[in-house]
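Chains as they are written, first to last, in my numbering: chain A, 1 to 148; chain B, 1001 to 1746.
Rather than coming from a laboratory, the hints here were simulated on the basis of the structure. Some hints could be false.
What the simulated footprint calls covered on chain A by chain B, stretch by stretch (three residues with Cβ under 8 Å from a Cβ of chain B suffice, anywhere in the stretch; the number is not a length) [said to hold, decoys possible]:
1) 1-14
2) 32-43
3) 49-59
4) 64-74
5) 99-110
6) 122-130
7) 133-140
Interface residues of chain B toward chain A, partial, derived using beta-carbon atoms under 7 Å [to be verified]:
8) G1083
9) S1223
10) E1365
11) G1415
12) R1449
13) S1655
14) D1690
Some but not every residue of chain A turned toward chain B, in silico, with C-beta under 8 Å [unchecked claim]:
15) W22
16) D26
17) L28
18) Q92
19) P94
20) C96
21) Q116
Here a beta-carbon is modelled for each residue, glycine too, at the ideal position from N, C-alpha and C.
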Amino acid sequence: MDLLINGVTRQVDSEADTPLLWVLRDDLGLTGTKYGCGVAQCGACTVLVDGQATRSCVTPIDAVAGQSITTIEAIEADAVGRKVIAAWVANQVPQCGYCQSGQVMAATALLTQTPQPSEEDIAGAMTNLCRCGTYNAISAAVRQAAQG
Amino acid sequence: MDGILNAPIRPERHPQDRPTNLSRRSVLGASLGALVLGVALPRSAPRAQGAAAPSVRPGTRVPAFLEIRPDGSVLLRSPFVEGGQGVTTAFAQIVGEELDVDPTAFTVECAPPGADYLMVNGMRFTGGSFSVRSSYAAMRGLGATARRMLLQAAAARLDVPLDSLATEPGRVIHAASGRSLAYGALAADAAAMPAPEGVPLRAESAFRWIGKPVARLDVRAKSTGKALYAIDLTAEGMLQAAVQHAPRLGMEPGAVANEAEVRAMPGVHSIHRLPGAMAVVADRWWRARRAVETLQVDWTEAAPDARNAMPGDFSSAGLRATLTAAPGPGIAAESQGDSATALRNAVRVIEATYDAPHLAHGQLEPPSAIARWNADGTLDLWLPNQAPEMFQRAAATVAGIEPEKVRIHSPMLGGFFGRHFLYESANPFPQAILLAKAVGRPVKLIWSREEEFLRDALRPMGLARFRAGLDPQGLPIALHAEAVGEGPVGRWFGRQPDRADPSAVEGIAGKPYAIPHRHVAHVPQPNPVMIGFWRSVGHSMNDFFYETFFDEMADAGGQDPFALRLRLLAESPRHRTLLEAVGHLSGGWRRGPFEAADGTRRARGVAMASPFGSEVATIAEVSIRDGEVMVHDVWVAIDPGSIVNPAIIEAQVQSAVALGLSSALLEEVVYEGGTPQARNFDGYRILPPDRMPRVHVRIIESGAPMGGIGEPGLPGVPPAVVNAVATLTGQRIRSLPLSKTRFGSV
Chain A
1 MDLLINGVTR
11 QVDSEADTPL
21 LWVLRDDLGL
31 TGTKYGCGVA
41 QCGACTVLVD
51 GQATRSCVTP
61 IDAVAGQSIT
71 TIEAIEADAV
81 GRKVIAAWVA
91 NQVPQCGYCQ
101 SGQVMAATAL
111 LTQTPQPSEE
121 DIAGAMTNLC
131 RCGTYNAISA
141 AVRQAAQG
Chain B
1001 MDGILNAPIR
1011 PERHPQDRPT
1021 NLSRRSVLGA
1031 SLGALVLGVA
1041 LPRSAPRAQG
1051 AAAPSVRPGT
1061 RVPAFLEIRP
1071 DGSVLLRSPF
1081 VEGGQGVTTA
1091 FAQIVGEELD
1101 VDPTAFTVEC
1111 APPGADYLMV
1121 NGMRFTGGSF
1131 SVRSSYAAMR
1141 GLGATARRML
1151 LQAAAARLDV
1161 PLDSLATEPG
1171 RVIHAASGRS
1181 LAYGALAADA
1191 AAMPAPEGVP
1201 LRAESAFRWI
1211 GKPVARLDVR
1221 AKSTGKALYA
1231 IDLTAEGMLQ
1241 AAVQHAPRLG
1251 MEPGAVANEA
1261 EVRAMPGVHS
1271 IHRLPGAMAV
1281 VADRWWRARR
1291 AVETLQVDWT
1301 EAAPDARNAM
1311 PGDFSSAGLR
1321 ATLTAAPGPG
1331 IAAESQGDSA
1341 TALRNAVRVI
1351 EATYDAPHLA
1361 HGQLEPPSAI
1371 ARWNADGTLD
1381 LWLPNQAPEM
1391 FQRAAATVAG
1401 IEPEKVRIHS
1411 PMLGGFFGRH
1421 FLYESANPFP
1431 QAILLAKAVG
1441 RPVKLIWSRE
1451 EEFLRDALRP
1461 MGLARFRAGL
1471 DPQGLPIALH
1481 AEAVGEGPVG
1491 RWFGRQPDRA
1501 DPSAVEGIAG
1511 KPYAIPHRHV
1521 AHVPQPNPVM
1531 IGFWRSVGHS
1541 MNDFFYETFF
1551 DEMADAGGQD
1561 PFALRLRLLA
1571 ESPRHRTLLE
1581 AVGHLSGGWR
1591 RGPFEAADGT
1601 RRARGVAMAS
1611 PFGSEVATIA
1621 EVSIRDGEVM
1631 VHDVWVAIDP
1641 GSIVNPAIIE
1651 AQVQSAVALG
1661 LSSALLEEVV
1671 YEGGTPQARN
1681 FDGYRILPPD
1691 RMPRVHVRII
1701 ESGAPMGGIG
1711 EPGLPGVPPA
1721 VVNAVATLTG
1731 QRIRSLPLSK
1741 TRFGSV
């Protein structure tokens, strides 16, 4: 099966119902996308599929064949992604960092679709869990990226 | 956890886990190819099994810690592992300050096992909020010593007196001649210099990095997905493994109904019976997982002599009833005056019993381990861990080889909160070692989130009984407390039968209030659950018990809880200052209930805690929405004595507030039929973004001995919230989490 990942077509031989997460991590070595729960609860596995924040741990690869998949590895190739990263660094958001790939992807999707999000927009889009409790830094960074 | 340093340390109770000699070879082998300060490091002689303290003085030998590369970058081998608490940056600041190297030039990694790194009372673990406070002086001395060695090398190279030289970041300067030498060009010469003793330290007034909000070194890598955790690593030629654990500890795999079917599934390499688990090794982890979960296993009941066997009729409700019924008086942990007589003579006595549930760590990185057997009989292990030497010894026993043949690699942790101590049955590495041996190839084992919830070592359930006596003015004159249950220090470090487990009573004992007659006891009650250390350990529930009962005492005596605390701290200026500081931070103490600008009814609660050498005062503001507690603001004043990085402290307080609030509002591991009912975050709820309050932090440096940072912000949160809830609703909640209670409108 062919998958379009970060602008490059990649051929993978995993079963069609394999979650995208594990193809990214194990077949393609893209370990920036994290396994947290496997049941779409935590969001650590968030990637962009045609620009939509998508939890790759429950997304079978045959559901995304032909769509454009963006992972954290390519986030700085995206103008919005670069702003998000800059805001993440400026706000010193990560602690353990494990959830932050997913947070950055969710923020990039939000700001791409809604460049000037309201507090409700931010709350609605930024639902990924962070066990370190960096939530206040995350929302500050999202607001800063929206201004930047 | 505070008690570890005071407790008579019996090395962790794994039978295999005795103190042993640690070879230098495996410590330094990896770095010998680099241009290092360390090439002249003498190797300590092998020591006999069971030998006492190591012959090296931990934290003193520069070469064990520092490599200065030709480009001037510095590798620091830290005794402590980074898991979000910021310790790598703090150590770069401390060493860099004295070495005269900008912290941004540092790469910091967790040191392999070795006597040089036993910085916590002759042991090493990243926990107890000990890292910086245990090592601050030693790391300054280490940086200063290394700087002097570089100066000596420069003096020889330039043929000038040492006292004619100075440094600026990364360079030695000879002002008289205008010449300078980069550290990177001096490192090899410096390595040949004798390590000087007693090198003076930089004056605190001249600090450039210590005490400043230096940016964390790992933020960019963690924001861009480049940070590597154990779960991200690979070993050449490795296979991947997944397990299905027995539903209860002690049970063993019996017949498997569909082994042939599973063996034929895609990518499956082999199927293995392990102690208490079945494993599948495959070419990819998802295939291994799907295969192992397809196995239809007949689990056999635990043998009578099985270790840690979990009874099939165990329930958390049952344990709570057992704790409730467990009779006192228990073992005294703290006693002053004559509380029994004072209670008899009190004009009013109040009583209450509190409890808190088992909690899961819920760190977002699931546990994993990579095991690689090498042709020379050595074993490499990459695994999340908070205590490399302890894991090395335990792994050696599993592997059947000498500890010095086990190399432990300690990648950064995707959260830990106490999860990655050595807990019998709660760490994947023994399984990885056995599987790698069986298949003759490196194996990476990942526990699925569901297996993690099944085998995590939990914050123990606890219960506390209080009796307080009031005098005619409504002031508490006597307090009698019994903490019922088992603490993790006792479980893993041993408890003498006649001594209270400090981790069972911390936060009930050790309170600063001037109550003249008080008695705190531990009523030991074994817990069948695999228990462990969870951020702030006993304080995580005991300060909730005590500080909410404190408000009950205040209410019974007609006292304002803030004013009563101030009054009982009259002789303790440090605590009084802190309490006043949090009051000011919150705009002045205001208990409520009151109406907020948005029209909601709100109230505030206050609590104090003295965890891990620091002092903390906390105020929380709450309302009720749809029957649930909403926390809007949390104000925290923290006095850790002195500090290294205020930005990291604020981040850690934010984090501790989140976890403390999560435990107060939502978290509870429920056992029924001997098994935890929730196996993922859908059933075990943790604090989501929309429940995070604003957090306001004030740091106070009282100059007291340096205290901890990672944990102290947590214990005040549950009682501050629950006290506010009591003011707002009139309901005294004595059992967490608050989500068990549906609140009416207020």
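Verification of the supplied hints:
no.	hint	result
1	1-14	violated (count 1)
2	32-43	holds (count 10)
3	49-59	violated (count 0)
4	64-74	holds (count 3)
5	99-110	holds (count 4)
6	122-130	holds (count 6)
7	133-140	holds (count 7)
8	G1083	holds, 5 Å
9	S1223	holds, 4 Å
10	E1365	holds, 5 Å
11	G1415	holds, 4 Å
12	R1449	holds, 5 Å
13	S1655	holds, 4 Å
14	D1690	holds, 6 Å
15	W22	holds, 4 Å
16	D26	holds, 5 Å
17	L28	violated, 11 Å
18	Q92	holds, 6 Å
19	P94	holds, 4 Å
20	C96	holds, 3 Å
21	Q116	violated, 20 Å
Checked against the numbered hints given earlier, the structure breaks hints 1, 3, 17 and 21 and satisfies all the rest.
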